[in-house]
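**Student:** With the hints as constraints, model all of the structure from the sequences given.
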Amino acid sequence: MDRIDANRRLVKRLLLGAVLMFGFGFALVPLYDVFCEVTGLNGKITNTGPVAVTQADTSREVQVRMLGINNEGMPWRFVPRESLIVVNPGEMRQTAFMAMNPTAQQMVAQAIPSVSPGEAAQYLHKVNCFCFNAQTLAGGEQVEMPLLFTIDADLPAHIRQITLSYTLFDISPAATATTDAGAQQGGSPI
Amino acid sequence: MGTIRITTCSFMLSLLLVGNAQAAWTLNLTPGVTEISRSVYNLHMTIFWICVAIGVVVFSIMFWSIFHHRKSRGAKAHNFHEHTLVEVIWTLIPLGILVAMAVPATATLIKMYDPSDAELDVQITGYQWKWRYQYLDQEIDFFSNLSTPREQISNEAQKQAHYLLEVDRHLVLPTDTKIRLLLTANDVIHSWWVPALAVKKDAIPGFINEAWTRIEEPGIYRGQCAELCGVDHGFMPVVVEAVPPAEFEQWLADARAQQDAAAAAAGRSWTLEELMTEGEQVYQRVCAACHQPNGTGMPPAFPALVNSPVVLGDVERHIDIVLNGVQGSAMQAFREQLSAAELAAVITYERNAWGNNTGEAVAPSRIVQLLQGDGQSEQEGGQ
Amino acid sequence: MSTLETTTVTGEQHESHHHGPAAGIGRWLFTTNHKDIGSLYLWFSLLMFLTGGVMALLIRAELFQPGLQLVEPGFFNQMTTMHGLIMVFGAVMPAFVGLANWMIPMMIGAPDMALPRMNNWSFWILPFAFAILISTLFMDGGAPNFGWTFYAPLSTTYAPPSVTYFIFAIHIMGISSIMGAINIIATILNMRAPGMTMMKLPLFVWSWLITAFLLIAVMPVLAGVVTMMLMDIHFGTSFFNAAGGGDPVLFQHVFWFFGHPEVYIMILPAFGIISQIIPTFSRKRLFGYASMVYATASIAILSFLVWAHHMFTVGMPLVGELFFMFATMLIAVPTGVKVFNWVTTMFRGSLTFETPMLFAIAFVVLFTIGGFSGLMLAIAPVDFQYHDTYFVVAHFHYVLVPGAIFAIMAGTYYWLPKWTGHQLNECMGRWHFWLSFIGVNITFFPMHFIGLAGMPRRIPDYALQFADFNMVASIGAFIFGFSQLLFVWNVIHNVRSGEAAPARVWEGAEGLEWEVASPAPYHTFTTPPRVE
Chain A
1446 MDRIDANRRL VKRLLLGAVL MFGFGFALVP LYDVFCEVTG LNGKITNTGP
1496 VAVTQADTSR EVQVRMLGIN NEGMPWRFVP RESLIVVNPG EMRQTAFMAM
1546 NPTAQQMVAQ AIPSVSPGEA AQYLHKVNCF CFNAQTLAGG EQVEMPLLFT
1596 IDADLPAHIR QITLSYTLFD ISPAATATTD AGAQQGGSPI
Chain B
4 MGTIRITTCS FMLSLLLVGN AQAAWTLNLT PGVTEISRSV YNLHMTIFWI
54 CVAIGVVVFS IMFWSIFHHR KSRGAKAHNF HEHTLVEVIW TLIPLGILVA
104 MAVPATATLI KMYDPSDAEL DVQITGYQWK WRYQYLDQEI DFFSNLSTPR
154 EQISNEAQKQ AHYLLEVDRH LVLPTDTKIR LLLTANDVIH SWWVPALAVK
204 KDAIPGFINE AWTRIEEPGI YRGQCAELCG VDHGFMPVVV EAVPPAEFEQ
254 WLADARAQQD AAAAAAGRSW TLEELMTEGE QVYQRVCAAC HQPNGTGMPP
304 AFPALVNSPV VLGDVERHID IVLNGVQGSA MQAFREQLSA AELAAVITYE
354 RNAWGNNTGE AVAPSRIVQL LQGDGQSEQE GGQ
Chain C
335 MSTLETTTVT GEQHESHHHG PAAGIGRWLF TTNHKDIGSL YLWFSLLMFL
385 TGGVMALLIR AELFQPGLQL VEPGFFNQMT TMHGLIMVFG AVMPAFVGLA
435 NWMIPMMIGA PDMALPRMNN WSFWILPFAF AILISTLFMD GGAPNFGWTF
485 YAPLSTTYAP PSVTYFIFAI HIMGISSIMG AINIIATILN MRAPGMTMMK
535 LPLFVWSWLI TAFLLIAVMP VLAGVVTMML MDIHFGTSFF NAAGGGDPVL
585 FQHVFWFFGH PEVYIMILPA FGIISQIIPT FSRKRLFGYA SMVYATASIA
635 ILSFLVWAHH MFTVGMPLVG ELFFMFATML IAVPTGVKVF NWVTTMFRGS
685 LTFETPMLFA IAFVVLFTIG GFSGLMLAIA PVDFQYHDTY FVVAHFHYVL
735 VPGAIFAIMA GTYYWLPKWT GHQLNECMGR WHFWLSFIGV NITFFPMHFI
785 GLAGMPRRIP DYALQFADFN MVASIGAFIF GFSQLLFVWN VIHNVRSGEA
835 APARVWEGAE GLEWEVASPA PYHTFTTPPR VE
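Heads up: the sequence lines are chains A, B and C, in that order. Count along the first sequence starting at 1, add 1445, and that's the number in this note's numbering. Count along the second sequence starting at 1, add 3, and that's the number in this note's numbering. Count along the third sequence starting at 1, add 334, and that's the number in this note's numbering.
Keep in mind the hints are simulated off the structure, nothing from the lab. Positions of the beta carbon are idealized from the N, C-alpha and C atoms, including for glycine. It is possible that some hints are incorrect.
A few chain C positions that, by computed beta-carbon distances, are all more than 10 Å from chain B [as the list claims (entries may be wrong)]:
(1) R394
(2) I466
(3) I506
(4) R838
Computed, partial: chain A to chain C, Cβ under 10 Å [unchecked claim]:
(5) G1462
(6) M1543
(7) S1561
(8) T1612
**Tutor:** This is the structure:
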């Protein structure tokens, strides 16, 4: 009978192990985000919101390449106001993306930012960005979507060019489904 | 009997070896045409020879045992089954070899990860199943499609030398220039690969990736999409044409003139005949693969256009489908892939070819209007 | 069906003084006997091996020449996907579980598995999983077509409707594997005969113990990742959907966190089998038993730290690339130790070359070649050239076909006389071996060349410079494929007839399994043996 007890105990432990590992699979999602934040693994920008004003480092310049990209099925015209911006680290910079909905219907879009090289992501602060919220444009409507950003003065010296891309996804079907609940805040603030 | 068998055998063998002689054999990685690709090649060869050397030593001992320590030769089994020193040694020696391999590998990797001070930025976007190239500061933007004719793929025509590795528009790049490639994708994950440049990088929807290259020799370098991206994954080649910088400037000017001409073409008025002629060319190049040259399609995946309710019905709906595609089907959005004149021409052609005699012509200016959303001028970009 | 009956016959012929098997189909449906369940697993795996093999031959037939001849590209993608899934989850894994079921209780002196009823369940849910998976071939939109690695968003937003059935099938396979693993761990830890200490366990048992822990650690992660896919597809979450703040690259990280240990799940039991066979036919104790155990354990632990070497091209930061490159290279050390130990075991032995030994020697040589190409793939800057080409296809087929599959065949030939009580037909065994050996090399060796020359994997048609070697590979595939019919014939023939085998089938064989009669009685070691 000892053996049966021993088996029972062992099976419980192993099952618990399996359940924990199932949970761990899901825990990998937030863990991955933490990991990305630390290493810039996927070029996601996690620094958002107000920052302390710092002295601009005028001794060096960083080129920031702005890209506006449409994902599949997204008919908007979506272009940066300035394609190439030269900034000093620490300097606060205002720019914008132009978006225009050429269709006749109202559409909702979410812009997803990405930075390359990934290492630079943690040095790029977005103080204010249109990508924080989903954007709704009526048919034919055109807007200028503002972006206020700064590059940390701690940016490693070997990074001299940064690319900041926004990919526009059409989330109209998902957003209209939850229209009443204030679809404008539909996207997650990244 | 014996001789017959041998002749059959050698005949078969010669078939194997000689068959398809038009294509050159390649057994190994290409050394390529960049500094990086050469160090990658050298690294590859170094590791290969290290592996060969280890293999020769290990397998010789093994085969020596197989020949000399076989029972049929009267070999008696010895009784040793442990030897700490030997075991420690054969743990440490491989470790040392690995460290020796890791040093040059790390050096090469660090070089690959330095895209700074690039002189030219090209954005590469993967689409199902084609590549889009945008020269960011030169305002040049085009798609690059497989140009191998369908008949060659379906074995109805002789396959040409660059079968499946040829496209309608090459990615033209200057030599001796540091070029930064910014990669992303429109739908699923693709991977942009040119072996001669030793560049392979995934193009991921919603994310931007970068790679760089500095091509040393002019020439045409071919590659393919390397990440499974759906049905036609095998049919989206990459062709890079490297030209000397002066020639590149000339190409830029020509390409810009071509783009301007296309834009101007949309502004003028077209006759039905002009639209039909242009439309037929566009149709055969872009649409015929699915909808068939005679518009009969391949239902249910690719509907027939002959007598189609869409083509014979409301023109605005027809335009909408061609411009924006049909979500959840194989019909793509062509708004970015074709010029306004081409779009107008191909829609006109579909509405008037193969007995679809609606007599309607779609004016390129109408398409321009739709693309820009009711007459907004196109001035906000790129200032 | 007829194959099931033939095993029934042998079971009945050699009934022991204990309770024999029940009669009819009920014996198989309700059996809790480890030998019956082992046989079920092995027959099922053989069936899946042949099914996946037919798909492989379809793929190779299409690739015989450039141009599209036999199948549409869409169906081609379904074939590559299903071939991979069936071979990994249907052929290799169940075969190892089958061998574990048959041999582990006999090797450690236990009367049966620790949890016999769960054992029955873990087998019987498998056929349902594969019925669901294979039925997707006949569904609207076709079977899964996104590769066995099912990268998002191709497998989520862009997947055919059958993806839901695929997810469900994976869940069932996962549950089956986890139950099997729990059973094996419980058996090894709790059911050993008195005196059978851990460091006396046969290496097959050791390697399975470690594999079972790997299974429990990673199969739930696979279940998790397909669950996330399911939620993305049907419940509007955005784990892998960039539009909602998710990340398709996250899918790859989670998948390979499962996927890399999975690779070792498919090879560690093979190491165990080879470590049983080589000493037997060398008539000499295994060299470095303890270091074999430690090497296996270190491979298992390292396998959790190297997953991203499958993803060098996704654009990781330099530090990440370097970490995963170094960790991966490190795996070569314990793997090398194993190969050196096998070779040293043969050195100064008294070798004979019966069929199991032939397969084992081929395993050592060809697996090592696969190991070399693995080492090359570990070097990140060069991997940019190899990644997703036929070089990778060559690599993993070298470790899985003449690796895992040859080990399974070696094990089958090695223990078959113990199961059936009949000596092998050596002549037919050798035919099978040599045809397989030649076929496997003709198939997969040229793939190194076409990969280096630049042919991407998973394409239904290719440029002309790859034509010659593709043709050679296809010919090899047909030789290899059809010679497996000899294997089927050999097994069935051996079940039905053959010279009576003694308890110790092989002259140099050591271990408890050779102390019981051949064929092994329906119940063995009901009174535990005492191991000195």
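**Student:** For each hint, tell me whether it holds in the structure or not.
**Tutor:** Checked hints:
R394/C, annotated as away from the interface, keeps every beta carbon of chain B farther than 10 Å; the closest lies near 15 Å. A cut-off of 10 Å between C-beta atoms confirms that I466/C is not in contact with chain B; the least separation is 23 Å. Once the 10 Å rule is applied to beta carbons, I506/C is consistent with being away from chain B; the minimum gap is 25 Å. The claim that R838/C is not at the interface with chain B holds, since no C-beta of that chain comes within 10 Å of its own (minimum 16 Å).
Taken as an interface hint, G1462/A checks out: its beta carbon lies about 5 Å from the nearest beta carbon of chain C, inside 10 Å. The restraint placing M1543/A at the interface with chain C is violated, with a minimum CB-CB distance near 21 Å, outside the 10 Å limit. About 7 Å separates the beta-carbon of S1561/A from the nearest beta-carbon of chain C, less than 10 Å, and the hint is met. Residue-level restraint check for T1612/A holds (minimum Cβ-Cβ distance to chain C is 7 Å; threshold 10 Å).
Checked against the numbered hints above, the structure violates only hint 6.
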